[in-house]
Amino acid sequence: MLPLELRDLCFAINGNTIIDRISVQIEDGPRTIILGPNGAGKSVLMRLCHGLLKPTSGTVAWTGRRPNRRSGGQAMVFQRPVMLRRSALRNVMYGLKLAGVSRTECELRAHDVLDAVGLSHVAHHPARVLSGGEQQRLALARAWALGPEVLFLDEPTANLDPGAAREIESIIGAIHASGAKIIMTTHNLGQARRLGDEILFINQGRLTERSSADRFFREPASAEATAFLRGELP
Amino acid sequence: MEELRQACLQALALIGRLDSQLFEIVVLSLQVSLTAVTVAAVIGLPIGAALAVECFRGRQAVIVLFNALMGLPPVVVGLLVYLLLSRAGPLGPLGILFTPTAMIIAQAILIIPIIGALSRQTMEDAWREYEEQLRSLGAKRLTAASTLLWDTRFSLVTVVLAGFGRAVAEVGAVIIVGGNIDGVTRVMTTAIALETSKGDLPLALGLGIILVSLVIALNAAASLIREAALRRYG
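Those protein sequences? They're chains E and F, same order as listed.
Just so we're aligned, residue 15 is where the first sequence starts under the working numbering, counting upward by one.
Just so we're aligned, residue 5 is where the second sequence starts under the working numbering, counting upward by one.
It should be emphasised that the hints constitute simulated quantities derived from the structure, not laboratory data.
Just so it is clear, CB atoms sit at the ideal spot from N, CA and C, and this is done for glycine as well.
Accuracy of the hints is not assured; some may be wrong.
Chain F is faced by these chain E residues, among others (derived, beta-carbon under 10 Å) [said to hold, decoys possible]: (1) Val58; (2) Arg61; (3) Gly87; (4) Val91; (5) Val96; (6) Ala141; (7) Leu144; (8) Phe231.
Please put together the full structure from these sequences, using the hints given.
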């Protein structure tokens with residue numbers, strides 16, 4: 015389904031412009047990090063891309079071939095994992111069932127993916143009593159099980175302690191290695207350095223800069239990005 | 005004061021020796037109200053779920069109407085059902101006026117708005133948490149509604165019990181459509197009203213004690229179940 019093409023994308027709510035004329039084409043392959051200060055519009059941009067929000071004007075288009083039914087197309091992991099009131103295994107199976115996977119295969123795939131994120135031992139525990147880090151790993155597992163071509167991650171480690179955050183980062187690496195395109199927002203510079211191949215820098219709803227991660231951190235082209243890297247933006 | 009003491013003692017004696025007249029009334033009461041609450045839950049819960057997830061024009065008006073109907077006077081419901089079921093009414097040919105079935109219909113109508121409105125509130129709160137995740141996983145409205153029904157099940161028990169409490173304690177509707185016929189449609193509340201006016205205070209008081217204990221016991225059980233379930237499932 016990639017590349018993802020945004021054309022003059024705008025989003026406003028009650029007259030406040032949140033996303034201001036963003037045009038960009040996101041290709042398959044590199045891990046794309048959407049970086050920017052708080053309130054820059056990163057999460058809104060991601061929701062527009064994923065289809066949870068409708069743009070005020072402009073378009074979001076997947077210009078590649080349509081995904082087949084077995085692979086999930088796109089999936090998203092949120093900052094705060096939403097756990098359904100059922101076991102960890104059933105949480106993963108829920109997503110698979112909605113994707114039209116047969117029951118027996120649901121269970122097989124769910125077990126595999128729980129194993130891959132290190133949650134096999136709590137497969138039958140109620141999801142909502144797991145720790146924050148475990149819940150986020152479960153959310154990743156639920157998305158990964160769908161075999162998405164593109165995985166959106168909205169600040170997936172913002173509420174976690176450093177240890178749990180590292181586990182999440184290594185799972186994101188594994189998901190990327192398994193062939194999924196990663197598009198992730200963060201305001202954590204260390205994380206952007208560790209996980210990013212390319213950076214889209216957003217400030218006040220506008221795409222200010224796009225470059226490879228190496229270049230962005232070595233010599234940012236815009237004044238805003240320079241200020242952000244120095245910690246001068248919130 | 006002495007009279008009250010005497011009545012209390014006699015009432016307890018009636019309960020103590022499992023007085024058959026007393027228990028016939030209690031059993032009929034439970035049959036009628038449990039059936040009514042089952043019918044009302046089957047109708048009211050899906051309405052609540054639909055109102056929680058659906059966006060349509062006039063939704064707010066429907067919600068206000070449902071909330072207002074929670075305070076529906078039982079005698080008015082009794083009167084309406086009476087008119088429907090009376091010989092000249094549209095459902096007259098069914099011949100169910102002055103039967104337990106008529107009482108079930110009246111009580112169900114009385115508590116559908118209670119179950120609908122309270123469950124809508126519960127599920128709408130859950131929907132706020134779940135909406136993005138479920139939409140991201142591709143859940144359609146119907147799936148979302150059934151997911152909410154299942155995930156809020158422990159809170160919905162309390163909602164259904166509130167409906168049962170209202171049904172078993174009301175007198176106005178069942179006395180109009182049931183007629184308070186001894187051995188056929190005499191339930192706790194109508195018996196209390198009748199025995200009090202006849203001056204048979206012990207029987208009235210015995211029924212009153214049972215009615216109140218029953219409602220307290222049910223609510224205690226529900227809150228214990230809910231607490232335990234929330235501890236276990238989060």
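For each hint, the structure was consulted:
1. Val58: violated, 12 Å
2. Arg61: Hint on Arg61 of chain E: holds, closest Cβ of chain F at ~8 Å, below 10 Å.
3. Gly87: holds, 9 Å
4. Val91: holds, 9 Å
5. Val96: With Cβ-Cβ at 4 Å, under 10 Å, it holds.
6. Ala141: holds, 7 Å
7. Leu144: holds, 8 Å
8. Phe231: Phe231 of chain E check fails; min Cβ-Cβ to chain F is 31 Å, beyond 10 Å.
Violated hints for the displayed structure, listed by number in ascending order: 1, 8.
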